[in-house]
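There are 6 protein chains.
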Amino acid sequence: MATVKLLSDAEIEKIPVAKAVFDDIRASRKSDFVNNFWRGLANDPPALKRTWEQLKAVMGGKTSIDPLTKEMIYIAVSAANACTYCLHSHTAAARAKGMTEEQYAELVAIIGLAGHTNHLVTTMQIPVDREFMVES
Amino acid sequence: MATVKLLSDAEIEKIPVAKAVFDDIRASRKSDFVNNFWRGLANDPPALKRTWEQLKAVMGGKTSIDPLTKEMIYIAVSAANACTYCLHSHTAAARAKGMTEEQYAELVAIIGLAGHTNHLVTTMQIPVDREFMVES
Amino acid sequence: MATVKLLSDAEIEKIPVAKAVFDDIRASRKSDFVNNFWRGLANDPPALKRTWEQLKAVMGGKTSIDPLTKEMIYIAVSAANACTYCLHSHTAAARAKGMTEEQYAELVAIIGLAGHTNHLVTTMQIPVDREFMVES
Amino acid sequence: MATVKLLSDAEIEKIPVAKAVFDDIRASRKSDFVNNFWRGLANDPPALKRTWEQLKAVMGGKTSIDPLTKEMIYIAVSAANACTYCLHSHTAAARAKGMTEEQYAELVAIIGLAGHTNHLVTTMQIPVDREFMVES
Amino acid sequence: MATVKLLSDAEIEKIPVAKAVFDDIRASRKSDFVNNFWRGLANDPPALKRTWEQLKAVMGGKTSIDPLTKEMIYIAVSAANACTYCLHSHTAAARAKGMTEEQYAELVAIIGLAGHTNHLVTTMQIPVDREFMVES
Amino acid sequence: MATVKLLSDAEIEKIPVAKAVFDDIRASRKSDFVNNFWRGLANDPPALKRTWEQLKAVMGGKTSIDPLTKEMIYIAVSAANACTYCLHSHTAAARAKGMTEEQYAELVAIIGLAGHTNHLVTTMQIPVDREFMVES
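Chains as they are written, first to last, in the working numbering: chain A, 1 to 136; chain B, 1 to 136; chain C, 1 to 136; chain D, 1 to 136; chain E, 1 to 136; chain F, 1 to 136.
With the rest of the complex left out, here is chain A (with noise of 0.2 Å):
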């Protein structure tokens, strides 16, 4: 049911760009399985590789935050855009990340309280602090 052609692994094979990205997904992954995101942003190569550099640029490397930290920061963004395939995605990943059924009911509450806060907040329209405010 998605707006585009999820491209197959014989399709890739034809588009060079498409191919080395979908080589270095593997590689990095450390696993053969390449999931549909990648496959429908496949129809624009450019896309692909310029997305895949910035996925590892941001959540990859040595970083001041650790790798499952930031999969539930993805999980947190993506609970609040109501975007079903990144909830899914990304909390698969944050589990093979290791993260326990205890932290992600943490998370899980975490996310219902920032919402419930948010939309105090925001209905209130409550002004700001100047305690909070940064000189700039």
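If you're looking for bench data, these hints aren't it; they were derived computationally from the structure.
One or more hints might be untrue.
[Claimed, not checked] Think about it this way: if two alpha-carbon atoms lie no more than 20 Å apart in a straight line, the pair counts; the simulated PhoX-like pairs of lysine-lysine are:
#, chain 1, residue 1, chain 2, residue 2
1, E, K30, E, K56
2, C, K62, C, K19
3, B, K19, B, K5
4, B, K97, B, K62
5, A, K56, F, K49
6, B, K49, D, K30
7, B, K56, B, K97
8, E, K49, C, K56
9, D, K30, D, K56
10, A, K49, F, K56
11, B, K62, D, K56
12, B, K49, D, K62
13, C, K62, E, K49
14, F, K30, F, K97
15, D, K49, B, K56
16, A, K62, F, K49
17, E, K30, C, K49
18, C, K49, E, K62
19, A, K30, A, K56
20, B, K49, B, K19
21, D, K30, D, K62
Using the hints, position chains B, C, D, E and F against chain A.
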């Protein structure tokens, strides 16, 4: 510019339920400062009490997600919900809990990237891969 | 800080279609005050006319939902859409139609709770129970 | 297709906190049916208890907004948040509380109109009229 | 799985207002096919009529934005609102109006990028530059 | 009121990666003015570089969607995401690229209408017609 009056300490004094919550906020945070959100919510004392108790249960205590990560998740939800007040208050809270500027820069980048792929996926209506589904 | 000019009464006078709508707004509301929304929309007189007529059809007249409830529903949608202007204008309208502070406090609490459970449900991607489905 | 297991009655039996909530849901609603939302949330028994108690406090009891109006407000928030499950469950609940098809048609029309003017106002960034502001 | 019955042609025949709109949809589109949106909305015949007339006024006629561009703008709004049905129906409509796969790929990329920078800007709460403001 | 410092030209001078991006922004736009978004993002020089390069790739170059249409699509996404800054900056950009007031009025009307039907469709949970589905 709120749609409700923000109650002053003098007004809070006269509402026992609200006074008890404000006392607990001050004791929990070891600070005399109580931010506008609670001053607006205090127009409905039972809601004030319910919300504060829920916040303590979810954000406080010894849990499997550390306090700083919790604030970063809160920021992620608030960004996707475009909640100006929440972004200011929880960014200040995250910094108070030790978030470095490097961590904040990464958080911003992850939220941006998630917003990006959320929009790509939703536009193309990518179907969820069987591999991501949980048995239920 | 609008992206369009907000037309003054003197400017409205020169646009017959807009003038007729403004006259009708004033007559319907029994007040000389015309708020900024209509002054911005007046840059596109046919859109001004279409929107006002639609508003009268939906919000006015004798219907099965009373006028105050309609305003509360409007506030609920505007909160979830983070529409600052709409929240201020429809909260003022609801108060003008008799909303008590007790009712407003309850409205805020329901919106907050709905935001909470919306986020919980979406994060966990709960499937719709067969019992809730309508035959079609 | 949830990201969590939906707990069966047999599984709930083994979790005292969850069992007590399920018993209370059944008693409050005078029905044996417990919908999927609670079965998913039951993976986190304290969250299940907190959420149910909050729901009872906000949606139940003798209050200044009648039970059917509360459900309609819930639907309005859920529509703007694109929460499929919530729309189905609260539309069913509103009908169970007596919502007529005429009232539902009006509710849909108000939500549509609010979505319309929310988008117009936000696009044009209309500034809030001084007349709408509350002294604080 | 709609919350309303989708009316069949036989049912539409019995509702004169709805019948007239369906006839006009068929004549305007030079096709016998009437999609589910109108079949759901037909439960409220005046809303059906209002919505169709508004759609004709905004999307049809000789105007300064061409019909294909209008559909692409519609897709952009629907993506950000996570409206599955709207994405499918307007992507089909855009293709019927000549959108090439190259144009669609670019549209998807722009929507993704806008989602990205929207999230960056909102997270950091960047203040509007004086240079962007319109005199009003 | 940003959550980050907006870097001045003097501060940018001391960060080679940021300086190179600012030089390229000025050269590409043939203007000395660099707006606040880039000054906030410059706190994370690699993100600044990534985002600018992506923007150039998507919004610039010879492509199948003209530059003005691209800005209008950007405005549409930003409206649905309630991104105040983005609405001001891209409306200014669209005008700089020749958007007439007539075109802007039509754009506003389309965004409003899409918001309307998005809300109607989502509230009623209309199922996608088979006719709109793409083979995949």
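Results for each hint:
no., hint, result
1, K30/E x K56/E, "14 Å, holds"
2, K62/C x K19/C, "26 Å, violated"
3, K19/B x K5/B, "16 Å, holds"
4, K97/B x K62/B, "15 Å, holds"
5, K56/A x K49/F, "15 Å, holds"
6, K49/B x K30/D, "29 Å, violated"
7, K56/B x K97/B, "16 Å, holds"
8, K49/E x K56/C, "15 Å, holds"
9, K30/D x K56/D, "14 Å, holds"
10, K49/A x K56/F, "15 Å, holds"
11, K62/B x K56/D, "28 Å, violated"
12, K49/B x K62/D, "19 Å, holds"
13, K62/C x K49/E, "19 Å, holds"
14, K30/F x K97/F, "13 Å, holds"
15, K49/D x K56/B, "15 Å, holds"
16, K62/A x K49/F, "19 Å, holds"
17, K30/E x K49/C, "29 Å, violated"
18, K49/C x K62/E, "19 Å, holds"
19, K30/A x K56/A, "14 Å, holds"
20, K49/B x K19/B, "10 Å, holds"
21, K30/D x K62/D, "18 Å, holds"
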